[in-house]
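Participant: Protein chains in written order, with this note's numbering: chain A, 53 to 385; chain B, 2 to 288.
Just so you know, these hints were derived from the structure itself, not from any lab. One or more hints might be untrue.
Covered stretches of chain B, as calculated for chain A (at least 3 residues, CB under 8 angstroms) [unchecked claim]:
1. 101 to 110
2. 123 to 130
3. 153 to 162
4. 216 to 227
5. 253 to 263
Just a few of them, taken from the derived set where beta-carbon distance is under 10 angstroms, the chain A residues facing chain B [what the hints assert, rightly or not]:
6. I161
7. V185
8. W210
9. V351
10. V356
Facing chain B, according to a computed beta carbon distance under 7 angstroms, are these residues of chain A, among others [what the hints assert, rightly or not]:
11. V71
12. A177
13. F180
14. V216
15. N306
Where is the CB? At the ideal position from N, CA and C, for every residue including glycine.
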Amino acid sequence: MPGIAIGGRYAAPQVAGGVLIAACLVLFPLVASSYQLSTLIVSMVFLLPAIGLNLILGYTGMLSLAQMGFFGVGGYTSALIAMHFGTPFWLNFVAACLVPALLAAPLAIPALRLRHTSFVMCTIAFVFIIESVSKNWVGLTRGDMGLSSVPRPRIGLWSDGFIVHTTVQYYYLGLLLCALAVAALVAIVRSPAGRYMIAIREDEILAASVGGRTWHYRLAAFVLSAAFAGAGGSYYVHYVTVISPTVFDPSYTNTVLVVVLGGGVGTIAGPILGSVVFVALSEALRIAPELRMVVYGLVLTTSVFAFPKGLIAPLTSALRGAVQPKARGPHDR
Amino acid sequence: MLQNLFTDGLVIGSVYALVSVGMTVILGVLGQINFAHGEYYMAGAFAAWWAIDRLGLSYMASIPLTILIVGILSLAIGYAVMQRLVDVSFDAGIIATLGVSLLLQNTATLIFGGTYQIFDGGWLEPMRVFGEDIAQQRVLIFLVTLVVFGALEWLVRKSTFGKQMRAVSQNVECCHVLGVDVRRVVLITFILGTTLAALSGVMTAPITINIYGAMGEAITLKSFAVIVMGGMGSIGGTLVAGWVLGIMESLVAAYVGLQFRDAVAFALLVMVLMWRPSGFFSTKARY
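For reference, chain A alone in the conformation it holds in the complex (with noise of 0.2 angstroms):
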């Protein structure tokens, strides 16, 4: 598995290469034009629900699509709080996360039931649901109209506080949250109950017949993915200040997908390099509008076969090779 290390340290080069790229990332606003920003900040909208379903498919080994149901949810909670009671963004954010994994919950007890092809199909139909419910209850969500002039992101601890409007200061909550939301991804994946998901990828009977419930498992897993989505939901609903069942479509599932398989699953890294390289690839397609979605398909399919692993595979392989020759564990592929 590249990219991570199970139970042990992080290697000296692994560190020094993600510190390096942070302080880039934080120091990126001093050269970048607003234009490059704003695309870094769809990538972070993206990157906060794909982190929930790297937790989930590359680590539990299921495939949830119902990610950007949850985001929705996520957005939509964190938008009517504040607009009904003014709250400030860290109260919206934490709101954001509760309710999706609170929803996920019960949702989980007939999808946890299924596995494999059944599962995904499940998680598809949570989202279309969920978009049916969001048109239908229009004295909560003024349905297919949807919610406008959401409040700008207020930091502050309680009334008052500093209101981030431009797109530097979006940036930089946009690196904040997703920051923590790496910083969370990796605590859990590192924990016990880390390991014992990724046992459970593994070989889920095999992972049973050492005890511990699988389900317990599971569902967890389930309901953490369904925070980092509605994580992303806050963020992107502050961000761009209206919401519309128009959220569940589709296409942002796919994206958030593309991000996950094409950057390379199971990884903590992938993730970050597909939200970035699969965004920016669909903003510099932009140059040839008509074009733009069968070029975009042409390179997804493509893509498959030649990085099978996801973008990071070949990076860590080529990163591995120059920093340290020679160390070659087990495990290694």
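Knowing the structure of chain A, use the given hints to seat chain B on it.
Facilitator: Relative to the frame of chain A, chain B by itself:
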């Protein structure tokens, strides 16, 4: 009224079943979900529209031409993409077919424009069936579906190719050992499945009238619901699940509200999965 809803539901359900059964045979043999499946339905509708509107052919003549065009298209895609998916992971297969879906959908939009096209063809005169007036086209859809499902059951159960299909779906490595040409079986199954979707597209277009590049998306998603409800790999199950979905949709649209119609497929799916995790007709839980 109620009888009308039932016949409408049966016809729409037959359309769903015809598209879904193609997806289920591809899933059975290749082990991959074809996210681009609805795009062949769209391609079928557009090929027939092109034949009628631009070449001036009759609707009757446009049907075999459509099958031919989509057959060639899926031969190319099957050769370039689907054959390679035999030994690729399930997740990678999703990305690959998703890419194909974007490619086909947007190429169609590029060629035929982003707006709706009006499909002008088919036999829409009403005829009397069991004391009810139904458009001939709807009766035709229902009858063709029955014939296709009968033929498919025969193909899979009795013919040599059907035996090969079942062998590939059970164990690819054994097929290599025993000299079954896995890539050929995959390619032919894929062409069979996609031309069934195209047939469904050309037969349904006279009823839906409006055709557009993204029309396949909703069909793909509903097919997912149908194949899981039917019990994956079960041909008869797919037909029953398609009918159940079609009838439920028309009942919900009439008595609950039109806006809930598209959620029916998935609400029904969740309920069926809670009751029988392996679908209506699967004797064993495949996955």
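Participant: None of the hints should be skipped; say for each whether it holds.
Facilitator: Consistency of the hints with the structure:
Only residues whose beta carbon comes within less than 8 angstroms of a beta carbon in chain A count, and the stretch 101 to 110 of chain B has 8; three or more means the coverage holds. With 0 residues having a beta carbon nearer than 8 angstroms to a beta carbon of chain A, the stretch 123 to 130 of chain B misses the requirement of three or more and the stated coverage is violated. For the stretch 153 to 162 of chain B, the assignment as covered by chain A is violated, since 0 residues bring a beta-carbon within under 8 angstroms of that chain's beta-carbons and 3 are needed. With 4 residues having a Cβ less than 8 angstroms from any Cβ of chain A, the stretch 216 to 227 of chain B passes the three-residue criterion, so the hint holds.
Coverage of the stretch 253 to 263 of chain B by chain A holds. Counting CB-CB distances below 8 angstroms, 4 residues qualify, and the rule asks for three or more. Interface restraint check: I161 (chain A) against chain B, minimum CB-CB distance 8 angstroms, threshold 10 angstroms, status holds. Hint status for V185 (chain A) relative to chain B: holds, with the closest Cβ pair at about 9 angstroms, below 10 angstroms. Because the smallest distance between the Cβ of W210 (chain A) and any Cβ of chain B comes to about 40 angstroms, over 10 angstroms, the interface hint for this residue is violated.
Because the smallest distance between the Cβ of V351 (chain A) and any Cβ of chain B comes to about 7 angstroms, under 10 angstroms, the interface hint for this residue holds. The criterion of a C-beta within 10 angstroms of any C-beta in chain B is met by V356 (chain A), whose closest approach is roughly 4 angstroms, and the hint holds. Residue-level restraint check for V71 (chain A) is violated (minimum Cβ-Cβ distance to chain B is 31 angstroms; threshold 7 angstroms). About 3 angstroms separates the beta-carbon of A177 (chain A) from the nearest beta-carbon of chain B, less than 7 angstroms, and the hint is met.
A least Cβ separation of about 4 angstroms between F180 (chain A) and chain B falls short of the 7 angstroms threshold, and the interface hint therefore holds. Taking 7 angstroms as the C-beta contact cut-off toward chain B, the hint placing V216 (chain A) at the interface is violated, the least distance being around 34 angstroms. The interface hint given for N306 (chain A) holds, since its Cβ lies 6 angstroms from the closest Cβ of chain B, which is under the 7 angstroms cut-off.
Hints 2, 3, 8, 11, 14 from the list above are not met by this structure, while the remaining hints are.
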